[in-house]
Amino acid sequence: MAKRVKMGDVVQILTSRGIAYAQMTHTHQGYGPLLAVFEGIHDQPPADFADLVAADPQFRAFFPLQPAVNQGLLSIVANVPVAASNSVFPLFRSCVYDREGKRGPWWIWDGQTETMLTRALTDEEKRFSLRGIISAPLLVERIENNYRLQTHDV
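Just so we're aligned, residue 849 is where the sequence shown starts under this note's numbering, counting upward by one.
Check before you lean on any hint, since a few could be wrong.
Claimed, not checked - Taking lysine to aspartate or glutamate pairs in the DMTMM-like style, the calculated list, with each CA pair at most 25 Å apart, reads:
1. 974 to 992
2. 950 to 899
3. 974 to 946
4. 974 to 962
5. 950 to 962
6. 974 to 896
7. 950 to 992
8. 851 to 896
9. 854 to 958
10. 974 to 904
11. 854 to 896
12. 854 to 899
13. 974 to 887
14. 974 to 989
15. 950 to 972
No lab work stands behind these hints, which were simulated from the structure alone.
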């Protein structure tokens, strides 16, 4: 059986372009593990994972980490403390579309409370991750395509 995942675990994500890294920074009761995915594709492991995870993440995503580790889709390569800059639970954004395909209002979520916006997103809010759980293929696709939060328009 695979290792039990825990806070601070750094996971290796194999992509067609090389190796990417993410860290489990939080666990939400309803959404599960939250990964901070760090920018960069690597040919070999970094000398110091603490330096890697001290950076601002490229994006964050809720992800079924334990099943992915159990199935060998991702590997735990280190466990280091979550950097202070990544320790506060981040804000997320979401919206829905109606039957005609028209986008409804944006919502901002802090892990407990949702707030509906009656205006467009600010530039800062466009950098909030999208609320939801993603799959392993989508995680890899986002890494390979150099996914940027501010250009994702749901």
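Status of the hints after comparison with the structure:
1. Taking the CA atoms of residue 974 and residue 992, the gap is near 21 Å; set against the 25 Å cutoff, the hint holds.
2. Between residue 950 and residue 899 the alpha-carbon distance is near 43 Å, which puts this suggested pair outside the 25 Å criterion.
3. Between the alpha carbons of residue 974 and residue 946 the distance comes to roughly 21 Å, so the proposed pair stays at or under 25 Å and holds.
4. For the given pair, residue 974 sits about 16 Å from residue 962 by alpha-carbon distance, which is consistent with the 25 Å threshold.
5. Under the criterion of a C-alpha separation no larger than 25 Å, the hint pairing residue 950 with residue 962 is consistent with the structure, at around 21 Å.
6. Distance hint between residue 974 and residue 896 is unfulfilled; the C-alpha atoms sit about 31 Å from each other, more than 25 Å.
7. Under the criterion of a C-alpha separation no larger than 25 Å, the hint pairing residue 950 with residue 992 is inconsistent with the structure, at around 30 Å.
8. Distance restraint check for residue 851 and residue 896: the Cα-Cα separation of roughly 21 Å lies within the 25 Å cut-off, and the hinted pair is therefore satisfied.
9. Restraint check: the Cα-Cα separation between residue 854 and residue 958 comes to about 22 Å, which is no more than 25 Å; the hinted pair holds.
10. The suggested pairing of residue 974 with residue 904 holds, with an alpha-carbon distance near 15 Å, which does not exceed 25 Å.
11. A C-alpha spacing of about 19 Å is found between residue 854 and residue 896, which places the hinted pair at or below 25 Å, so the restraint holds.
12. With a C-alpha separation of about 19 Å, the suggested pairing of residue 854 with residue 899 holds against the 25 Å cut-off.
13. Between the alpha carbons of residue 974 and residue 887 the distance comes to roughly 18 Å, so the proposed pair stays at or under 25 Å and holds.
14. For the given pair, residue 974 sits about 20 Å from residue 989 by alpha-carbon distance, which is consistent with the 25 Å threshold.
15. The straight-line distance between the Cα atoms of residue 950 and residue 972 is roughly 23 Å, inside the 25 Å bound, and the hint therefore holds.
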